[in-house]
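Residue numbers (the numbering used here), protein chains in the order written: chain A, 4 to 426; chain B, 25 to 303.
A hint or two may mislead.
[Stated by the list, open to error] Quick list of in silico lysine-lysine cross-link-like pairs, DSBU-like style, CA-CA up to 35 Å:
(1) Lys-182(A) with Lys-153(B)
(2) Lys-232(A) with Lys-66(B)
(3) Lys-161(B) with Lys-232(A)
(4) Lys-48(A) with Lys-156(A)
(5) Lys-153(B) with Lys-156(A)
(6) Lys-161(B) with Lys-182(A)
[To be verified] If you want a taste of the chain B side facing chain A, the calculated C-beta under 10 Å gives, among others:
(7) Phe-52
(8) Glu-246
(9) Phe-265
For the record, the hints were derived by calculation from the structure and aren't laboratory data. By construction, the Cβ of each residue, glycine as well, lies at the ideal position given by its N, Cα and C atoms.
The lines below spell out each chain.
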Amino acid sequence: MNVALRKLLVSSCIAPAIAVGASAAAGADNEVTISHYFTGELGLKILQENVAKFEADTGYTLKDSPIGHEDFKTDILVRAAGGGLPDVFSYWAGARTQFVADSGGLSPIGDMWAREGLDDVVAKAVADSATMYNGERYLVPFNYHYAGMFYNKQVLADAGVMELPTDWDGFLALCETLKSNGVAPIALGSKFRWPAQFWFDYLLLRTAGPEYRAALMDGSAAYDDAEVKEAMEIWRGLVENGYFLPNSNADTWTDASDKVARGDAAMTLMGTWITGYWNGLGLEPGVDYDYFPFPTMREGVANSVVGPIDGLVISSNVQNREGAEAFLAYMMSNADVQSHWTSNYGALSANVNVDSSVYNDVMQRVVGTVAEADTFAFNYDLATPPPVAEVGLSMFQRFMDSPADADAILGDAQVAAAEAFAN
Amino acid sequence: MPVAIFSVFVVWPLISSFYYSFTDWNGFDPNYEFVGFENFSKIYKDRLFASAAINTVVWMAAAIVLPTGLGLFLALLIDSRVPGGAVFKSVFYLPICLSAVVVGQVWVWIYQPDWGLLNTTLSYFLSEKFNYAWLAKPESALFSVIAAWSWQQTGLSMVIYLAGLTAIPSDLTEVCELEGSSWWQKVRLVLLPLLAPATVVVIALSVINSLKGFDILFIMTEGGPFNSSDTLAMHMYNESFRKYYMGYGSAIAVVLFLVALTIVWLYFRQLKKVDEIYS
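Bound-form chain A, shown alone:
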């Protein structure tokens, strides 16, 4: 259609986006615009400290517009609609970045990557899995998280648990011990769906392996396959044995974390951001809480770890490319910045020059767990295209409501996922 008309329609869709775009265009030569979702009190403070350091060291000025995590998903679309994307924005590596790259919303950063020697800075496993899309480099991994079983040390001690489980039988025995001591073994806060995905991810990865899971994520395997049914059957056993606190769909992830912190439940499968949350509540890592990796379930299946990677990308309508590239390079390659950011934010750095001694005792061991893993897998909603992820996330919530209907739920999910992949 007529390009001018199309632009007019697009830009008029959401008026505030016009203002954002106009302000971006009107920016000074040394001004770099950025939008991100690191809006928690602690995260925002640490990021702003690092931004101030960048400005002082480089002479660029950053115009920052932080937006809450959930609102960010909508806001970035609105900005794209108005052609008003900021120069730089944070985004989740994996299927979501793939979607934006496919839509032409990103600028390649391959030249900057080579010029700055980031191959020698970014851990290879992370660089391979998170930065390349359609054969081009688009993203620098600002930090990453790991999902593990975080538990209340006092609760396990009170139940007489001396040894942490490493295999599935040990895990079931732990749950039984806790239950017989009157403590709910597991808390899950699936009100907003995503926390349940880690259970699906690990059960599938530990039984069917990462290759099958990758096939399910790209649509070449089906949700009603025997592999998925088996994983859901194991999950169902845990729920029906009363190992999960009831009403998980009524709780958010912070509700579930609070229940573990208070001792209402013993453990929760969550990302390392829980350490930042608990530390903020005054809990001491390694003293009040600790973690153990999701137990192995089957011999010969690769040891996968699961988690998200927060990236920084440059938009295709970047106004200040030089400044944007300088910002990405600085934030990624400066070990001091990475140390300060990740150690305070409850995240991990993909910068190989960051000394893990900057982390607390728990996070140091997490670094070791990730390093020992055979593969790093994105969590479910970052591993499969967004429309399919919507199907799966609702499926997990429905399963937690009525686990006995697992087969019917998987059948429905397969129909909906096939439709989503066909679109």
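Place chain B on chain A using the hints.
Frame of chain A; chain B shown alone:
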């Protein structure tokens, strides 16, 4: 100036939505195709659209009954000069001054299964621990949100009815009292017919507000659990911003717009009829 503002903020977005409803735009990609009526035909096959449409109708029906009935009841009570009527009027009107986000969060706490006000009260009367998860069960999530929304809307209905009652000539009610009519006879035979214009306004506002009931739903359930409390507005949001089907989401927006337009048309038609009766 007002026309320009209205055009930028209402007319153009409206036209844009109509335009995108005929495309397969994903919200990001500037290259998209015209797909004709494909998005609209997809609506008929979309099971989530069907359940969202049913939920929207349920919400609209509840909007006619709950805020209208409760607002009328409270207005009649306050108008009958009960002690502290002015205080009650302020108390019942207060929720409408709060944002839907605040109201939604307050009711999330009221419905909280372990320590929420509702379950704590029920546990007291039932003499056993009651921890039903009102917002987490597909059977009760939508109705729980509607109850919270109605609590907020009732104050507005009450005020409109109170204004209507003030406009009724006092000699009519005095005649009723002189002839020995009961309170109920006075309400049924005199007040309710004369309150017809107010009732039209209350019902129309409640139904239109029910179509806009996105914010409170988003705060309380996000349409969950597993889409069981989705309304058309929530479904439109999910398709557009979570699944990136901006073209399809625009088609749902167009349907929602046409429904709202029909209701507004019916409202003005009824208002005209009432005007004709009274003139």
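The hints, checked one at a time:
no.	hint	in the structure
1	Lys-182(A) with Lys-153(B)	holds, 20 Å
2	Lys-232(A) with Lys-66(B)	holds, 30 Å
3	Lys-161(B) with Lys-232(A)	holds, 24 Å
4	Lys-48(A) with Lys-156(A)	holds, 30 Å
5	Lys-153(B) with Lys-156(A)	holds, 28 Å
6	Lys-161(B) with Lys-182(A)	holds, 25 Å
7	Phe-52	holds, 3 Å
8	Glu-246	holds, 6 Å
9	Phe-265	holds, 5 Å
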